[in-house]
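There are 2 protein chains.
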Amino acid sequence: MGRRALVLFAHGARSASWAEPFERLREMAAARAPELDVSLAFLELMSPRLQDQVASLAAQGVDEVTVVPVFLGQGGHVLRDLPLILDEMRLAHPGMKIHSVGAVGEDPTVLQAMSDYCIKAVTNGS
Amino acid sequence: MGRRALVLFAHGARSASWAEPFERLREMAAARAPELDVSLAFLELMSPRLQDQVASLAAQGVDEVTVVPVFLGQGGHVLRDLPLILDEMRLAHPGMKIHSVGAVGEDPTVLQAMSDYCIKAVTNGS
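Quick note, the sequences are listed as chains F and B, same order. One rule links them: number in our numbering = place in the first sequence (from 1) + 12. One rule links them: number in our numbering = place in the second sequence (from 1) + 12.
Rather than coming from a laboratory, the hints here were simulated on the basis of the structure. Be aware that a few hints might be false.
Copies of the same chain look alike in the list, so a pair counts if it works inside one copy or between any two.
[What the hints assert, rightly or not] Pairs of lysine to any residue, SDA-like flavour, derived with a Cα cap of 20 angstroms:
#1 Lys132 - Gln63
#2 Lys132 - Glu35
#3 Lys132 - Glu32
#4 Lys132 - Leu103
#5 Lys109 - Thr121
#6 Lys132 - Gly24
#7 Lys132 - Ala25
#8 Lys132 - Thr121
#9 Lys132 - Pro120
#10 Lys109 - Met58
#11 Lys132 - Ala45
#12 Lys132 - Gly14
In this text, all values refer to a predicted model and were calculated from it rather than measured experimentally.
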């Protein structure tokens, strides 16, 4: 069986502090699945870009990658940019299986946790 | 006791589909707390802007508002733009209590739910 990797794909931003919750998410996922190579990659403004991270994983002998878009909204980045990057990566790495799933903001359990947080915010703010 | 409102503050985007998960989140929070006025508001590109939504709530007699930033990353929008908007709104509506809390991406339970989703994505993608 080949080596598998999980790539958490986020937007990126100018300020370094922006990535902190994504780094915590990466650590949590890595702790949950120690057999898996878990990394962050970005669309823009931060490195590594998704294409570069997947090329690096391919060079390390990883032959199956799952890309999870860590985005809340379903805009152009998830609906248009990501599919183009996936096509480009599949052409560049024909021996690699590259999966992707819906954005985290689509997941009912994530939405439920966010909803709980919002309700608690009102109670705590009183 | 005065009327209270919860405002879910999101970035906004060009494509209308972007807001769908935020609208679902709004519906979930409203269902959890039917006594509360729950609305969405945006930083840019979508309406209403946060300032306009809070002005509209003030005009409706709401006297206490909790603003929850529905952002994952901790960048300039949450760390710099939002505090300025909060100051501006407190000056504009001195009779209104305006609370805010940390971004949803800071919440351990939200991060846990996202981590579970990422791990499941690898299993489902096999």
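Using 20 angstroms as the alpha carbon limit, work out where Lys132 and Ala45 are close: within a copy, between copies, both or neither.
-> between (30 angstroms within a copy, 10 angstroms between copies)
Go through the copies and call it for Lys132 and Ala25: within, between, both or neither, with a Cα cutoff of 20 angstroms.
-> neither (28 angstroms within a copy, 27 angstroms between copies)
Given identical chains, is Lys132 near Glu32, meaning Cα to Cα at most 20 angstroms, within a copy, between copies, both, or neither?
-> neither (23 angstroms within a copy, 22 angstroms between copies)
Within a copy, between copies, both or neither: where do Lys132 and Leu103 come within 20 angstroms Cα-Cα?
-> Answer is neither: 47 angstroms inside a copy and 26 angstroms across each miss the 20 angstroms cutoff.
Taking 20 angstroms as the upper bound on the Cα-Cα distance, should Lys109 and Thr121 be classified as within, between, both, or neither?
-> Classified as neither: same-chain Cα gap 27 angstroms, cross-chain 31 angstroms, threshold 20 angstroms.
Given a CA cutoff of 20 angstroms, do Lys132 and Gly24 count as a within-copy pair, a between-copy pair, both, or neither?
-> Neither: 28 angstroms inside a chain and 24 angstroms across chains, both beyond 20 angstroms.
Which holds for Lys132 with Thr121 at a C-alpha limit of 20 angstroms: within a copy, between copies, both or neither?
-> both (16 angstroms within a copy, 12 angstroms between copies)
Alpha-carbon proximity context of Lys132 and Glu35, limit 20 angstroms | between (25 angstroms within a copy, 19 angstroms between copies)
Between copies, within a copy, both or neither: which fits Lys132 and Pro120 at Cα up to 20 angstroms?
-> both (18 angstroms within a copy, 13 angstroms between copies)
For the identical chains here, do Lys132 and Gln63 meet the 20 angstroms Cα criterion within one copy, between copies, both, or neither?
-> neither (39 angstroms within a copy, 23 angstroms between copies)
Same-copy or cross-copy closeness of Lys132 to Gly14 [CA-CA at most 20 angstroms] | between (44 angstroms within a copy, 19 angstroms between copies)
Within a copy, between copies, both or neither: where do Lys109 and Met58 come within 20 angstroms Cα-Cα?
-> For Lys109 and Met58, the Cα distance exceeds 20 angstroms both inside one copy (25 angstroms) and across copies (37 angstroms).
Hint compliance for this structure: hints 1, 3, 4, 5, 6, 7 and 10 are broken, all remaining hints hold.
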